[in-house]
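Letter by letter, the chains look like this.
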Amino acid sequence: MLTQASFFILGLCSVFLSIVMLTRKWPVTAAMLLIVVMMMLAGMYGVLGAHFSAVSQILVYAGAIMVVFVFVIMLLNIPTNELRYGRVTLFEWLLIFFGVCIAVLLGTRVGQGYLMIESTAARAHARAPYYPVSFNENVKNVSSLLFTDYLWAFELVSFLILAAIVGSVVIAKKARVNHVNKSS
Amino acid sequence: MEFSYIQILSTVLLMLFGIAVGAQIAPIMSWVERRQCAFIQRRLGPNRVGFFKYRVFGLAQPIADAIKLLFKEDFIPPYVHKAFYVLAPVIPVMMGLAVTVVIPWGSHLIVGGEIVNLQAVSLNSGFLILFALSSLSVYGVTLAGWSSNDKYSLLGGLRASAQMVSYEVAMGLSVVPVVLIWGTFDLQKIIASQSTILWGFLPNWGVFYAPVSFVIFLVTIFAETNRLPFDLAEGEAELVAGFLTEYGGMRWSLFFLGEYSMMFIMCALTVCLFFGGYELPWVSQHDLILWLSSVVSETVARWLLLPLGIVVLLVKSIVLMWFFVQVRFTVPRFRYDQLMKLGWLYLLPIALVNLAVTALVVAFVRFH
Amino acid sequence: MSISLPEMGIYFSLLLFLVGLLGIMLRKNIIFMMLAVEVMLNAANLAFVSASVLTNTIDGQVIMFFVMAVAACEAGIGLALIISLYRARNTLEADDLRILRG
Chain A
1370 MLTQASFFIL GLCSVFLSIV MLTRKWPVTA AMLLIVVMMM LAGMYGVLGA HFSAVSQILV
1430 YAGAIMVVFV FVIMLLNIPT NELRYGRVTL FEWLLIFFGV CIAVLLGTRV GQGYLMIEST
1490 AARAHARAPY YPVSFNENVK NVSSLLFTDY LWAFELVSFL ILAAIVGSVV IAKKARVNHV
1550 NKSS
Chain B
43 MEFSYIQILS TVLLMLFGIA VGAQIAPIMS WVERRQCAFI QRRLGPNRVG FFKYRVFGLA
103 QPIADAIKLL FKEDFIPPYV HKAFYVLAPV IPVMMGLAVT VVIPWGSHLI VGGEIVNLQA
163 VSLNSGFLIL FALSSLSVYG VTLAGWSSND KYSLLGGLRA SAQMVSYEVA MGLSVVPVVL
223 IWGTFDLQKI IASQSTILWG FLPNWGVFYA PVSFVIFLVT IFAETNRLPF DLAEGEAELV
283 AGFLTEYGGM RWSLFFLGEY SMMFIMCALT VCLFFGGYEL PWVSQHDLIL WLSSVVSETV
343 ARWLLLPLGI VVLLVKSIVL MWFFVQVRFT VPRFRYDQLM KLGWLYLLPI ALVNLAVTAL
403 VVAFVRFH
Chain C
36 MSISLPEMGI YFSLLLFLVG LLGIMLRKNI IFMMLAVEVM LNAANLAFVS ASVLTNTIDG
96 QVIMFFVMAV AACEAGIGLA LIISLYRARN TLEADDLRIL RG
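Chains A, B and C, in that order, are what the protein sequence lines are. Its first residue numbered 1370, the first sequence is counted upward by one per residue in the working numbering. Its first residue numbered 43, the second sequence is counted upward by one per residue in the working numbering. Its first residue numbered 36, the third sequence is counted upward by one per residue in the working numbering.
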């Protein structure tokens, strides 16, 4: 009962705060609100029993990725009068209305889609070895799957991260103008 | 998920105890720091402030400091971004105190037929919470620098947070070999494995299994807590006072409260991973309980060993923190480019090679 | 209505995803668009973890790590692009980037 209530409150607060975040005027405030949203999501993962995911969400997402965001926003130092922030036009209200309609439509379809969960679960359980979700062996199960079944993806993602590091350093460098040496 | 009142009560009490210890360490460490600084510099330091007529080595100096800081005018400069200016000192304190929940104060007690683990939050992904929350305390520095609306503060804040983020990488990588050796993230199991004897005369401590990890971890926790030789952020001679320029009074001291409690946490984690935690070096708590069980029952024996475990843990942590203070007044400060070079070009490769070698050795030992 | 915990998680993930999508469509500041993309990625993560608890397999949590790594790469490169864009055009609004008339 307490877990359901806390999950519901965390979920509602995260949706509400993300709506608030996207309607802010200052980017730094929005980034800080996104950090709070990520911590609430980490709380939701913890309530679901995936505590390794919760801790790594805080470590990686809120503690590293958002730090990069906040750095860039602070270093860009945009003057306040250049931030365009106006009223919501009619077109935007129409977009929001259609977004809510899609949410309602998908919500009821998703509810019907859960009938397929049993067959998916049966197929996943039939494949051996099958790693169940367990609270006391969460790290062990996640890492044993990470290094056996998903090993290729793991190594390729490490290459991807390397490429991203090199790429972001190259893209963000200032263009150097070659000075022609005048020899006389 | 069972809801027994004993477990809830014990968790709450352990959390409160952790917060209390974390918050009280800061004034005590400020006194230790000033006295030790003075002894290193061949003078006496604050030894006058005492209770009533007795100068108890100046131990009431932190209380006097706190009273002075509390009565100072709380001045918010008009040009700062108020929300973040007020929020920024809270973040290091919050993280420094919230992370005390993973410290194991003892092995376990038996209360009313139930086993009460003397670690408030004992998850399978044990002490990763510490790294997670300490990576969040970067925001305190960043927000303090930015919200002060001041060139020096912004530069100091961004440099300090870049330093903290850089050394987090090496910190995490240097702890992974320790986890490989002990085979678990759970601090209680790690400390329990460290209670035997190695090679007949040494305690089975982690520092003998992973010395390189210990050295790297020690260096990185200096950088994480912005202590000398890595305290470019608060260096008095540079950047006016860095990100602390616009802060005064109690807000300023909140940053140091957070820094000291984070320092205590990191020292406590070092002690738990590398120096046996709450276990005495050669006499494990298991042996003591077996010896005491002949006199009293096991429950009472565990209650008797609870203060022993806490005292041993605190003594070991305080010895390590005294080492922090010694280093502060002995070693000169790093320049910023030297600092970043050390973090990325020296510590990271050494940590990676250490991880690879440890993984190979552990695999060889365990599977042959 | 008795709804299980991970199923509620999937509904929340749907809501968060749509909030992020509307955020991209409605906000024209590039930094806000990147923040909305992060919200969408987090919604996908929540869906994966809820699905893993729903089917009692651990695969969803493993995939969550890959999504997180990809999100980190994308955020890094996106921010580097934002920096070089700001240096070149001195603006951060997507409406101002209309040299190609499209």
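Everything labelled a hint here was simulated from the structure, so no lab data went into it. Do not rely on the hints blindly, as some may be mistaken.
Said to hold, decoys possible - When the alpha-carbon atoms are kept at most 30 angstroms apart in a straight line, the in silico DSS-like pairs for lysine-lysine are as follows: (1) B/K124 <-> A/K1509; (2) C/K63 <-> B/K124; (3) A/K1394 <-> C/K63; (4) B/K231 <-> A/K1542; (5) B/K95 <-> C/K63; (6) A/K1543 <-> B/K193; (7) B/K193 <-> A/K1394; (8) A/K1543 <-> B/K383.
A quick look at each hint next to the structure:
1. B/K124 <-> A/K1509: 45 angstroms, violated
2. C/K63 <-> B/K124: Holds, at about 27 angstroms.
3. A/K1394 <-> C/K63: 12 angstroms, holds
4. B/K231 <-> A/K1542: Cα-Cα ~47 angstroms, so violated.
5. B/K95 <-> C/K63: 69 angstroms, violated
6. A/K1543 <-> B/K193: With Cα atoms ~22 angstroms apart, A/K1543 and B/K193 stay inside 30 angstroms; holds.
7. B/K193 <-> A/K1394: 23 angstroms, holds
8. A/K1543 <-> B/K383: 21 angstroms, holds
When held up to the earlier numbered hints, the structure conflicts with 1, 4, 5 and fits the remainder.
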